[in-house]
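**Student:** Take a look at the letters that make up each chain.
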Amino acid sequence: MSKTILIVGGGLSGTIVANGLCRQMGGELRTGALNITMLGTSETHMYQPGLLYVPFGRMREAELFRDQRKVLDKRVNFFVDPAKHIDVEKNQVTTEAGRTFKYDYLVLASGSRIMPQTIPGMKEGGHWFYDLDGARKLRTALNEFQGGKIVINVNAPHKCPVAPLEAAFMLQEFLKGKGLWDKTELTYTYPIGRLHALEPVAHWAKPEFERLGIKYETFFNTESVDPEAKVIKSMEGSELPYDLLITIPPHQGAQVIDDSGLGKGGWVPTNTKTLHREGSTNVFVVGDTTNIPISKAGSTAHFEADVTIDNLVSLIQEGSFAREYDGKVFCFVETGLGSGTYVWFNYTTPPNPGPPSQMIHWFKLAYNRLYWLSARGLL
Amino acid sequence: MAERQTIDARGAFCPGPLMELIAALKLASVGDEVDILSSDKGSATDIPAWCAKVGHQVVETGERDGYWSVVVRKAK
Numbered sequence: 001m002s003k004t005i006l007i008v009g010g011g012l013s014g015t016i017v018a019n020g021l022c023r024q025m026g027g028e029l030r031t032g033a034l035n036i037t038m039l040g041t042s043e044t045h046m047y048q049p050g051l052l053y054v055p056f057g058r059m060r061e062a063e064l065f066r067d068q069r070k071v072l073d074k075r076v077n078f079f080v081d082p083a084k085h086i087d088v089e090k091n092q093v094t095t096e097a098g099r100t101f102k103y104d105y106l107v108l109a110s111g112s113r114i115m116p117q118t119i120p121g122m123k124e125g126g127h128w129f130y131d132l133d134g135a136r137k138l139r140t141a142l143n144e145f146q147g148g149k150i151v152i153n154v155n156a157p158h159k160c161p162v163a164p165l166e167a168a169f170m171l172q173e174f175l176k177g178k179g180l181w182d183k184t185e186l187t188y189t190y191p192i193g194r195l196h197a198l199e200p201v202a203h204w205a206k207p208e209f210e211r212l213g214i215k216y217e218t219f220f221n222t223e224s225v226d227p228e229a230k231v232i233k234s235m236e237g238s239e240l241p242y243d244l245l246i247t248i249p250p251h252q253g254a255q256v257i258d259d260s261g262l263g264k265g266g267w268v269p270t271n272t273k274t275l276h277r278e279g280s281t282n283v284f285v286v287g288d289t290t291n292i293p294i295s296k297a298g299s300t301a302h303f304e305a306d307v308t309i310d311n312l313v314s315l316i317q318e319g320s321f322a323r324e325y326d327g328k329v330f331c332f333v334e335t336g337l338g339s340g341t342y343v344w345f346n347y348t349t350p351p352n353p354g355p356p357s358q359m360i361h362w363f364k365l366a367y368n369r370l371y372w373l374s375a376r377g378l379l
Numbered sequence: 001m002a003e004r005q006t007i008d009a010r011g012a013f014c015p016g017p018l019m020e021l022i023a024a025l026k027l028a029s030v031g032d033e034v035d036i037l038s039s040d041k042g043s044a045t046d047i048p049a050w051c052a053k054v055g056h057q058v059v060e061t062g063e064r065d066g067y068w069s070v071v072v073r074k075a076k
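Here the protein sequences line up with chains D and S, keeping their order.
full-length UniProt numbering puts the first sequence at residues 1 to 379.
full-length UniProt numbering puts the second sequence at residues 1 to 76.
No false leads were mixed into what you were given.
Derived EDC-like pairs: lysine to aspartate or glutamate, alpha-carbon spacing no greater than 16 Å straight-line:
| hint | chain 1 | residue 1 | chain 2 | residue 2 |
| --- | --- | --- | --- | --- |
| 1 | S | LYS26 | D | GLU223 |
| 2 | S | LYS53 | D | GLU236 |
| 3 | S | LYS74 | S | GLU60 |
| 4 | S | LYS53 | D | GLU239 |
| 5 | D | LYS233 | D | GLU124 |
| 6 | D | LYS264 | S | GLU3 |
| 7 | S | LYS74 | D | GLU223 |
| 8 | D | LYS273 | D | ASP326 |
| 9 | S | LYS53 | D | GLU223 |
| 10 | D | LYS273 | S | ASP8 |
| 11 | D | LYS137 | D | GLU124 |
| 12 | D | LYS123 | D | GLU223 |
| 13 | D | LYS264 | S | GLU33 |
| 14 | S | LYS41 | D | GLU199 |
| 15 | S | LYS74 | S | ASP32 |
| 16 | D | LYS264 | S | ASP32 |
| 17 | S | LYS76 | S | GLU3 |
| 18 | S | LYS74 | D | GLU236 |
| 19 | S | LYS76 | D | GLU236 |
| 20 | S | LYS53 | D | GLU217 |
| 21 | S | LYS26 | D | ASP258 |
| 22 | S | LYS26 | D | GLU236 |
| 23 | S | LYS74 | S | GLU3 |
| 24 | S | LYS76 | D | GLU223 |
Computed beta-carbon distance windows for the label pairs:
| hint | chain 1 | residue 1 | chain 2 | residue 2 | range |
| --- | --- | --- | --- | --- | --- |
| 25 | D | THR348 | S | VAL30 | 33 to 39 Å |
| 26 | S | ALA75 | D | GLY179 | 46 to 52 Å |
| 27 | S | VAL30 | D | PRO269 | 19 to 25 Å |
| 28 | S | THR45 | D | GLY338 | 37 to 43 Å |
| 29 | D | GLY98 | S | PRO48 | 49 to 55 Å |
| 30 | D | THR348 | S | GLU63 | 20 to 26 Å |
| 31 | D | ASP310 | S | SER39 | 25 to 31 Å |
| 32 | S | GLU3 | D | LYS3 | 36 to 42 Å |
| 33 | D | GLY177 | S | LYS76 | 40 to 46 Å |
To be clear, the hints were calculated from the coordinates, so they are not data collected in a lab.
The C-beta atom is built at its ideal place from N, Cα and C for all residues, glycine as well.
Whole structure, please, built from the sequences with the hints as guidance.
**Tutor:** See the structure below:
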């Protein structure tokens, strides 16, 4: 009897899972013993980490996008028809267009989104680079900037946890190159008591900030933004004036997760090793959608997708589970416009970033192109 | 009705126990409790220090079998 794997979400993790399954189960797809269906929200696939480069004129918008049907293996049934209700008891998903899809296995890869509207004044008073419209507006604001106070404001939770730090280093170099650094006061705020969640990264960043003249304030969780007075206030009681506010807004998961009762805030309770949705053995959760307390990053999504592919193939072909996710995360860290480092860790190995180099920066630039091979399941 | 959720952040290098707590409190209602489990001894002092700054209530802090538990009630 034919089996159906239904994937909700067409971002990085959903796409890797779909393509990886096709590569390993060509026989089953050919005979009709298996079909793979994806419910996406867009005809295009965006390389999200590229957004960081857009405000600085280092990537063109067109470089961020590919036609999702070309990224996906042709054997995947792809519908741009977002899931509206996910019923894990009945093993079915209904869509915004009113279709109902039954499944044997479900992969939840619905991702996360920025929610500036959850903080008073943030949407009106802030700039950001975590979506295309925001990155475009920030590019314009930076091109018009002639000096003054800039605040880079980080809020919890957020994906791509090194991006705010990268933005600070890149902005410093960008403004220095334009002859504006001497006319700028840049302040970086962070929710906890150091400059980055990863302790070694925070220890490295602090003297770098001091060397470059970047100010910082820790234990800063945004309470509100006053777009008229151009002041940002924290829950901890401090206030910072700004001429340009670059915020990393708090994130939430997809609305459909919340609406289907699968997890508050759109985060699905997930077994940290099997990646099963808690309470289901035929529902896997990958990427930002999980509530696992690790970084929401592209690499996390990629490594979780790889594990899920192996487990689905093994379950369908051999009736057994293949392997567990070890919590692996790998992040490049741009330390300016011409240098970079990287950090990796898993559930048991702490991070230990090496010294920045031009070579690692070049590798990151290369990866900005190689990404499309990752999405296709080739890298 | 107030709820209590447990976040097992033991061994979590990033984003870590305090960041997980901050994120959870944003989604919680006033009166809800979050029990955060951490393998980092620093959490037993960092989390209460942050709660005191922001005005949330620490219900209990305790060392378990090789890890720490801090229960925080959302106060506002």
